[in-house]
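Undergrad: Here are the chains, one letter per residue:
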Amino acid sequence: MDWVDFMYNILVHPCDAMWEVCRRRHWVVVIAIVVCSGISAAIATLLPVKFGFPSAGNMLGVSTAMVILGVVLSWFMNAGILHFFAGLWGGDGKASAFLAASGISTFPLLFLVPLAIVSQVAPLGALWFLLGLLAVAVWYVYLLIDAISTAYHMLPGRAVAVLLTPMLIILVAMLITAGVIGSVL
Amino acid sequence: MRRETVIVTLVTFLLVLSTICGVWLVLNRPQRQLPIPSRITLGRSNGIGVVYLYGPLSVSSDSGGFMARLRGTDAIVEQLKVLAKDDRVQAVVLRINSGGGSVAAIQEVYEAVRNLKAHGKKVVASFGDVAASGAYYVACACDRIIANPGTITGSIGVIFSVGNVEGLFRKIGVKVEVIKSGKYKDIGSGYREMTEEERGLLNAMLDSAYGQFVEAVKTGRGFSGEKVEGLAQGQLFTGAQALEAGLVDKVGSYEDAVKEAAELAGIKGEPEIIEAPLPFFRRLLGSITESHGLRFSPQELVEESSPRLEYKMW
Chain A
1 MDWVDFMYNI LVHPCDAMWE VCRRRHWVVV IAIVVCSGIS AAIATLLPVK FGFPSAGNML
61 GVSTAMVILG VVLSWFMNAG ILHFFAGLWG GDGKASAFLA ASGISTFPLL FLVPLAIVSQ
121 VAPLGALWFL LGLLAVAVWY VYLLIDAIST AYHMLPGRAV AVLLTPMLII LVAMLITAGV
181 IGSVL
Chain B
1 MRRETVIVTL VTFLLVLSTI CGVWLVLNRP QRQLPIPSRI TLGRSNGIGV VYLYGPLSVS
61 SDSGGFMARL RGTDAIVEQL KVLAKDDRVQ AVVLRINSGG GSVAAIQEVY EAVRNLKAHG
121 KKVVASFGDV AASGAYYVAC ACDRIIANPG TITGSIGVIF SVGNVEGLFR KIGVKVEVIK
181 SGKYKDIGSG YREMTEEERG LLNAMLDSAY GQFVEAVKTG RGFSGEKVEG LAQGQLFTGA
241 QALEAGLVDK VGSYEDAVKE AAELAGIKGE PEIIEAPLPF FRRLLGSITE SHGLRFSPQE
301 LVEESSPRLE YKMW
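Chains as they are written, first to last, in the numbering used here: chain A, 1 to 185; chain B, 1 to 314.
Source of the hints: derived by calculation from the structure; they are not laboratory data.
A couple of the hints might just be wrong.
Listed next, the stretches of chain A that the computed footprint assigns to chain B, with coverage defined by at least 3 CB atoms under 8 Å from CB atoms of chain B [unchecked claim]:
1. 8-18
2. 75-88
3. 100-114
Heads up, the beta-carbon is just placed ideally off N, CA and C, and yes, glycines get one too.
My request is simple: use the sequences and hints to build the entire structure.
TA: Following this line, the structure appears as structure tokens:
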């Protein structure tokens, strides 16, 4: 499969793209997508979105580097955490396969810049940005679930459980901690 | 051409074009971003603006760079200008929690408050933990001053601090050679003792700045010269003591200041609070990086020893 077919599959047939990347990692394309997603997210945070408050534009260099680094680091961290929980849920697959597949799932972030630009020029720009952001978030979650399902040979329902488990653990930990602190105070 | 190639090419072109536009917009964004009030009220004029004066006040940070304007009084002056021109705003509450700052910065904010009043807005100062020295100078421009009973205020006066590192440098074997064009060019230098002549010149500067402070208090509070002189020896007051001395108008909290502002502006019913907060990083960096603790590096010692004229508590 050449890279045009691969990119087309990411857009239109994500399941096929995930199968392909789990079989043959295509690290160059995966890393390019992750880094470009980081750059896109950085540019989008630097553009003043018309919510009525200033952007982070006054810290150009630091913001850009932090956002790109954040996206790359969170890619690794998410992959590690979800690989652990996938194992707990009975998944069988390689961490490297999931790392590559989860890299593909950051593809929707590339569309943050066009969204931010639309918010600058369109009437009710902030509303369009919010709707677009929601769409990007849903697309990202869909691709991530697909990545888990493909890499660990799981049904989508179980993949959702893998995705939600760490969030639920954090929520419970927060509630317990809040409860303990509350009782002390 | 295959359909896949067309779609991928189009999407790639869109993303590349938008990235180029995005980078261009970021690099060509306006240098000054005025904080925009966070709430929008259409057709009503019962707004009370709130501006925060927190921490040491200076025009910009000593370190300069892109963070300087975020942390300086330029941002506060801009907010006051925005509120002055905002028809929704009938009054402004200056929420003050500061021990003062550099003379020029204080005076810029003072003038910005006077400009606010010239646009027909009522201004009420609300004191927090501390509103002393230069912060009190700014409050003198307001229509009313409201302090908590336990607020620390006063400290009316000027301070000129010069750190002398001559002894330390001698101990560590550092010698500084100064070549100057005029006799007084290195006045206030931290590398040597001050001469009596220089002390006299600096005292004259101090007296000039002190006179400006006294004048602001006289004008703002309607005091006589003798009364101000008695109160302007640098002493501190609690809010309750300041009320007895006439330095503040009422004791009360921030909520009381908002009510007072509403009353002065003739606002009926619940006022709409319009916050003009400082840019996010101003608040984040202002509390983290403004340190009055021990400094260790010779570079910092030299910077600390550079002379500055301040309306500042200590």
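Undergrad: Are three or more residues of the stretch 100-114 of chain A within 8 Å, CB to CB, of chain B?
TA: Satisfied; 4 residues make the cut.
Undergrad: Count the residues of the stretch 8-18 of chain A whose CB lies closer than 8 Å to any CB of chain B, then report whether that count reaches three.
TA: holds (count 3)
Undergrad: Count the residues of the stretch 75-88 of chain A whose Cβ falls closer than 8 Å to any Cβ of chain B, and tell me whether that reaches three.
TA: Check failed, 0 qualifying residues.
Going down the numbered hints, you'll see the structure goes against just number 2.
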